[in-house]
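2 protein chains.
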Amino acid sequence: MKLDTGLDAGAVRRYVEEHAGEFFDALKEWLTIPSISGDPAHADDVRRSAEWLAGRLRRIGFPTAEVWETGGLPAVFAEWPADDPNAPAVLVYGHHDVQPVDPRELWNTDPFGPVERDGRLVARGASDDKGQVFFHTLGVRANLAASGRGAPPVTLKLLIEGEEESGSTHLSALLRACRERLRCDTVVVSDTGLWSADTPSIVTGMRGAVSAQIDLSGLSRDLHSGQFGGAVPNPLHVLADLLAGLHDDEGRVTLPGFYDRVAEITDEERGLLARLPFDEARWLATAGSRATYGEEGFTTLERLWTRPTAEVNGMWGGYTGPGGKTIIPAEAHAKVSFRLVPDQYPAEVTAALRAYVQERVPPGIEVRVGELGPGVRPCVTPLDTPALQSVKRAMERAFGTEVLFTREGGSGPEADLAEILGAPLVYLGVILPDDRIHAPNEKVEMSLLLKAAESAAYLWDDLASAP
Amino acid sequence: MKLDTGLDAGAVRRYVEEHAGEFFDALKEWLTIPSISGDPAHADDVRRSAEWLAGRLRRIGFPTAEVWETGGLPAVFAEWPADDPNAPAVLVYGHHDVQPVDPRELWNTDPFGPVERDGRLVARGASDDKGQVFFHTLGVRANLAASGRGAPPVTLKLLIEGEEESGSTHLSALLRACRERLRCDTVVVSDTGLWSADTPSIVTGMRGAVSAQIDLSGLSRDLHSGQFGGAVPNPLHVLADLLAGLHDDEGRVTLPGFYDRVAEITDEERGLLARLPFDEARWLATAGSRATYGEEGFTTLERLWTRPTAEVNGMWGGYTGPGGKTIIPAEAHAKVSFRLVPDQYPAEVTAALRAYVQERVPPGIEVRVGELGPGVRPCVTPLDTPALQSVKRAMERAFGTEVLFTREGGSGPEADLAEILGAPLVYLGVILPDDRIHAPNEKVEMSLLLKAAESAAYLWDDLASAP
Numbered sequence: 001m002k003l004d005t006g007l008d009a010g011a012v013r014r015y016v017e018e019h020a021g022e023f024f025d026a027l028k029e030w031l032t033i034p035s036i037s038g039d040p041a042h043a044d045d046v047r048r049s050a051e052w053l054a055g056r057l058r059r060i061g062f063p064t065a066e067v068w069e070t071g072g073l074p075a076v077f078a079e080w081p082a083d084d085p086n087a088p089a090v091l092v093y094g095h096h097d098v099q100p101v102d103p104r105e106l107w108n109t110d111p112f113g114p115v116e117r118d119g120r121l122v123a124r125g126a127s128d129d130k131g132q133v134f135f136h137t138l139g140v141r142a143n144l145a146a147s148g149r150g151a152p153p154v155t156l157k158l159l160i161e162g163e164e165e166s167g168s169t170h171l172s173a174l175l176r177a178c179r180e181r182l183r184c185d186t187v188v189v190s191d192t193g194l195w196s197a198d199t200p201s202i203v204t205g206m207r208g209a210v211s212a213q214i215d216l217s218g219l220s221r222d223l224h225s226g227q228f229g230g231a232v233p234n235p236l237h238v239l240a241d242l243l244a245g246l247h248d249d250e251g252r253v254t255l256p257g258f259y260d261r262v263a264e265i266t267d268e269e270r271g272l273l274a275r276l277p278f279d280e281a282r283w284l285a286t287a288g289s290r291a292t293y294g295e296e297g298f299t300t301l302e303r304l305w306t307r308p309t310a311e312v313n314g315m316w317g318g319y320t321g322p323g324g325k326t327i328i329p330a331e332a333h334a335k336v337s338f339r340l341v342p343d344q345y346p347a348e349v350t351a352a353l354r355a356y357v358q359e360r361v362p363p364g365i366e367v368r369v370g371e372l373g374p375g376v377r378p379c380v381t382p383l384d385t386p387a388l389q390s391v392k393r394a395m396e397r398a399f400g401t402e403v404l405f406t407r408e409g410g411s412g413p414e415a416d417l418a419e420i421l422g423a424p425l426v427y428l429g430v431i432l433p434d435d436r437i438h439a440p441n442e443k444v445e446m447s448l449l450l451k452a453a454e455s456a457a458y459l460w461d462d463l464a465s466a467p
Numbered sequence: 001m002k003l004d005t006g007l008d009a010g011a012v013r014r015y016v017e018e019h020a021g022e023f024f025d026a027l028k029e030w031l032t033i034p035s036i037s038g039d040p041a042h043a044d045d046v047r048r049s050a051e052w053l054a055g056r057l058r059r060i061g062f063p064t065a066e067v068w069e070t071g072g073l074p075a076v077f078a079e080w081p082a083d084d085p086n087a088p089a090v091l092v093y094g095h096h097d098v099q100p101v102d103p104r105e106l107w108n109t110d111p112f113g114p115v116e117r118d119g120r121l122v123a124r125g126a127s128d129d130k131g132q133v134f135f136h137t138l139g140v141r142a143n144l145a146a147s148g149r150g151a152p153p154v155t156l157k158l159l160i161e162g163e164e165e166s167g168s169t170h171l172s173a174l175l176r177a178c179r180e181r182l183r184c185d186t187v188v189v190s191d192t193g194l195w196s197a198d199t200p201s202i203v204t205g206m207r208g209a210v211s212a213q214i215d216l217s218g219l220s221r222d223l224h225s226g227q228f229g230g231a232v233p234n235p236l237h238v239l240a241d242l243l244a245g246l247h248d249d250e251g252r253v254t255l256p257g258f259y260d261r262v263a264e265i266t267d268e269e270r271g272l273l274a275r276l277p278f279d280e281a282r283w284l285a286t287a288g289s290r291a292t293y294g295e296e297g298f299t300t301l302e303r304l305w306t307r308p309t310a311e312v313n314g315m316w317g318g319y320t321g322p323g324g325k326t327i328i329p330a331e332a333h334a335k336v337s338f339r340l341v342p343d344q345y346p347a348e349v350t351a352a353l354r355a356y357v358q359e360r361v362p363p364g365i366e367v368r369v370g371e372l373g374p375g376v377r378p379c380v381t382p383l384d385t386p387a388l389q390s391v392k393r394a395m396e397r398a399f400g401t402e403v404l405f406t407r408e409g410g411s412g413p414e415a416d417l418a419e420i421l422g423a424p425l426v427y428l429g430v431i432l433p434d435d436r437i438h439a440p441n442e443k444v445e446m447s448l449l450l451k452a453a454e455s456a457a458y459l460w461d462d463l464a465s466a467p
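Quick mapping for you: the protein sequence lines, in order, are chains G and Z.
The opening position of the first sequence corresponds to residue 1 in my numbering, with each subsequent residue numbered one higher.
The opening position of the second sequence corresponds to residue 1 in my numbering, with each subsequent residue numbered one higher.
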């Protein structure tokens with residue numbers, strides 16, 4: 001158990017409060033840049049966003065702040081070395097690109113004309129992820145103000161990507177190419193959220209993912225079901241059988257070896273997840289679903305965060321227009337995706353899918369399983385990771401209440417970050433579930449960004465004093 | 001066992017041969033009328049076709065030949081009474097409407113500019129069904145010429161529909177409304193074919209059919225599979241389970257009670273079907289399929305003609321565009337059709353599908369099974385039907401070889417014809433499997449139309465002399 005460092009909490013909070021206005025004015029300026037990475041028409045805006053951020057980081061004191069080319073859209077790298085050459089290095093990861101704004105007509109205000117309303121800042125990117133990148137500018141200044149030093153207690157590096165919303169296409173290559181400059185002892189990811197404003201929490205893992213397309217062909221053309229029905233194989237029947245067979249009666253995925261590498265949740269984490277105030281009826285309403293469903297023996301949160309899944313994302317084949325058409329279709333297709341948990345590997349799951357499909361497809365039907373991208377590896381931060389305990393202490397100081405642990409069901413580039421940089425990875429983020437990220441009227445709670453800045457200020461001292 | 005009637009075969013054949021040129025000239029004139037019933041733009045052409053036929057029938061001697069309104073596209077009714085008021089009445093059924101010509105670019109000649117090539121007449125409708133209606137004009141004239149009488153030996157009625165290629169929408173109502181004028185002792189359907197030119201045959205039954213659409217909805221919107229995957233029901237999984245469960249491991253349909261009314265094929269018919277020279281490899285090539293598949297314990301022909309089926313004709317749901325999209329879709333849909341055999345009823349099968357689906361769909365998923373039309377009932381002519389034996393004798397005289405029995409796997413309005421008119425129903429038709437009906441370059445073998453005319457000439461005398 002580490003002791004609190006000597007940073008004066010009153011001084012940190014005072015600095016944050018006194019500079020909040022200036023902080024939000026600058027953030028709003030950044031939010032006016034429509035840095036939509038998924039739309040090639042906005043490529044210049046993404047570059048403008050990177051340049052704006054690098055300029056801002058230099059202005060607040062980062063000795064180094066550069067725009068890094070990636071082969072795609074640019075990232076920003078900044079570094080503020082500690083005075084002590086033996087101080088640990090911390091790399092903060094976030095992104096400055098944003099999602100598209102469609103459907104535009106559902107926005108109540110201009111997505112790139114940020115407005116304050118009842119303590120909330122509304123704009124595309126307010127929470128995902130410009131707001132969360134930006135609280136670090138306030139956090140490091142508060143740390144310096146409270147400590148009276150001229151440099152942070154850790155060597156602080158920022159890597160702010162410009163392609164996160166379009167698949168982080170060039171991130172791995174960038175991490176490998178610039179491994180030396182990015183070298184660090186801890187990675188801090190600021191792109192996740194809290195359980196709720198009343199129940200602050202830390203993410204400890206994300207699921208991985210891998211997607212594939214299954215294409216079946218059985219006939220050289222669609223056949224008349226009167227002439228041929230009952231005597232030739234129907235690719236839609238075979239597809240239905242393949243997809244129905246992906247799960248057993250207990251909701252478990254049937255691919256050979258699918259669970260072999262799955263790390264079962266510990267009793268400790270199970271107990272911690274059970275402490276989260278989860279309202280299943282409200283969650284169902286949020287999902288727009290009438291019932292829960294899933295692997296037997298697990299709660300809904302355990303299913304979402306700690307269990308792998310197979311989902312059919314789409315399927316099609318044969319006649320789909322109005323009325324009926326009595327054909328046996330020549331082809332059938334499906335898109336499937338798998339959410340993965342440690343220590344599953346995307347390529348192994350794709351191989352298991354291929355084996356399953358080959359084994360099950362009857363004579364007369366040809367099948368092809370095509371990869372849809374390389375997949376994303378799952379990652380988890382063990383609860384006893386020292387840096388995770390540092391984040392917990394820092395947040396508890398800022399929020400004044402116990403901080404719990406969550407995971408996320410989605411997938412991000414964290415496994416690559418941790419592996420390529422060879423450092424433990426922790427999350428510090430304050431998005432709320434109702435922040436409408438990726439949707440119209442995205443917002444961020446301004447008070448939570450300030451709490452996050454305060455947390456960051458404490459975190460650097462806590463990490464610096466680690467043994 | 002009936003004896004041959006006294007009609008002189010030499011005289012019949014001579015008449016047919018001497019009038020073949022005139023016969024084909026008139027048929028070609030009719031074939032220039034694009035009577036496509038499925039395309040509202042051709043409604044006037046369908047009417048023109050009906051009027052042309054009625055005029056032609058009057059010209060060759062039918063005392064009555066009328067265009068009948070149906071509420072949809074017009075039919076033609078003609079009647080030529082026998083001299084003997086106690087002679088049996090025979091109703092010939094066929095149709096004067098045709099299929100669309102798409103894809104037009106695959107036709108080598110104008111679909112409505114009939115041309116003769118190597119003994120074949122190429123045009124839309126040449127075999128299906130104008131050629132087959134038209135051979136009756138030559139048949140009845142040959143009968144009269146050979147017998148020297150002024151009227152046929154049976155009261156000959158023709159009902160030539162104008163909506164067969166678009167679902168015979170108004171046929172049942174017409175049959176009921178005009179039952180008195182259509183009253184007959186035998187129905188002869190001329191809209192089917194032969195096993196091959198070398199193996200003449202008679203159809204003895206058609207399968208019925210019924211279609212439905214299954215609509216599943218589970219969620220109020222598509223969900224992100226990272227946020228919700230593994231904890232809510234996926235409508236595509238449920239659809240796959242429903243469709244995969246429609247068949248058991250032996251290829252039998254699992255709907256409750258599905259086989260309860262199925263009349264098993266007799267050993268006699270099984271033996272007769274086995275005599276047909278069936279080349280499975282060639283059949284597979286025609287189907288464009290790599291393997292046969294179907295209900296265990298039955299040959300391919302038995303599966304096609306005497307066994308009911310369930311087919312998925314189309315299914316769709318979720319994301320179907322390029323690349324991947326990790327969603328759990330809100331909805332899933334499928335179109336299914338069933339081929340039926342005596343004595344199954346379309347409405348009972350739809351009810352069984354509803355029961356099956358309701359039983360199998362898990363909590364949280366809403367399901368709707370919608371009917372796609374009222375369905376078509378199966379029909380079969382028992383092998384010992386006297387009129388069937390008459391057709392066999394007539395055709396054997398014309399073809400000079402043994403005539404075998406087949407069935408068809410498709411569906412037509414025959415069950416309604418037989419039931420509403422209360423008469424046994426037999427088939428007399430000479431389409432070949434490679435006549436490309438419903439496809440580009442439809443053709444008919446001209447020599448077979450002449451054999452059919454000759455068969456009809458014998459048939460009227462055979463039926464007239466029935467006890």
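FYI, nobody ran anything at the bench for these hints, they're computed from the structure.
Hints may be right or wrong, so weigh each one.
What the hints assert, rightly or not - Examples of chain Z residues lying across from chain G (beta carbon under 7 Å, computed):
#1 S220
#2 N234
#3 A291
#4 Y293
#5 L304
#6 G318
#7 T320
#8 K325
#9 I327
#10 L388
Unchecked claim - Only part of the chain Z face toward chain G is listed, based on derived beta-carbon distances under 8 Å:
#11 E51
#12 T70
#13 S147
#14 R149
#15 G218
#16 G317
Positions of the beta carbon are idealized from the N, C-alpha and C atoms, including for glycine.
Here is how each hint holds up against the structure:
The restraint placing S220 (chain Z) at the interface with chain G holds, with a minimum CB-CB distance near 3 Å, inside the 7 Å limit. With a cut of 7 Å, the hint placing N234 (chain Z) at the interface with chain G holds, because the nearest CB-to-CB distance is about 6 Å. With a least beta-carbon distance of about 3 Å to chain G, the hint placing A291 (chain Z) at the interface is held under the 7 Å criterion. Satisfaction of the interface hint for Y293 (chain Z) is found here, the shortest Cβ-Cβ separation to chain G being roughly 4 Å, below the 7 Å cut-off.
At about 5 Å, the closest approach between the beta carbon of L304 (chain Z) and any beta carbon in chain G falls short of 7 Å, and the interface hint on this residue holds. About 3 Å separates the beta-carbon of G318 (chain Z) from the nearest beta-carbon of chain G, less than 7 Å, and the hint is met. Checking T320 (chain Z) against chain G by beta carbon gives a least distance of about 5 Å; that is within 7 Å, so the hint holds. For K325 (chain Z), the interface hint holds, the least distance from its beta-carbon to any beta-carbon of chain G being 6 Å, beneath 7 Å.
At about 5 Å, the closest approach between the beta carbon of I327 (chain Z) and any beta carbon in chain G falls short of 7 Å, and the interface hint on this residue holds. Restraint check, L388 (chain Z) versus chain G: the minimum CB separation of about 22 Å is more than 7 Å; hint violated. Taking 8 Å as the C-beta contact cut-off toward chain G, the hint placing E51 (chain Z) at the interface is violated, the least distance being around 30 Å. Using the Cβ-Cβ criterion of 8 Å, the hint placing T70 (chain Z) at the interface with chain G is not satisfied: the shortest such distance is roughly 20 Å.
At its closest, the beta carbon of S147 (chain Z) sits 39 Å from a beta carbon of chain G; the interface hint therefore is violated under the 8 Å criterion. For the restraint placing R149 (chain Z) at the interface with chain G, the shortest Cβ-Cβ distance is roughly 41 Å, beyond the 8 Å limit, so the hint is violated. Contact between G218 (chain Z) and chain G, as hinted, is supported at the beta carbon level, the nearest pair being about 7 Å apart and thus within 8 Å. Among the interface hints, the one on G317 (chain Z) holds; its C-beta lies about 6 Å from the nearest C-beta in chain G, closer than the 8 Å criterion.
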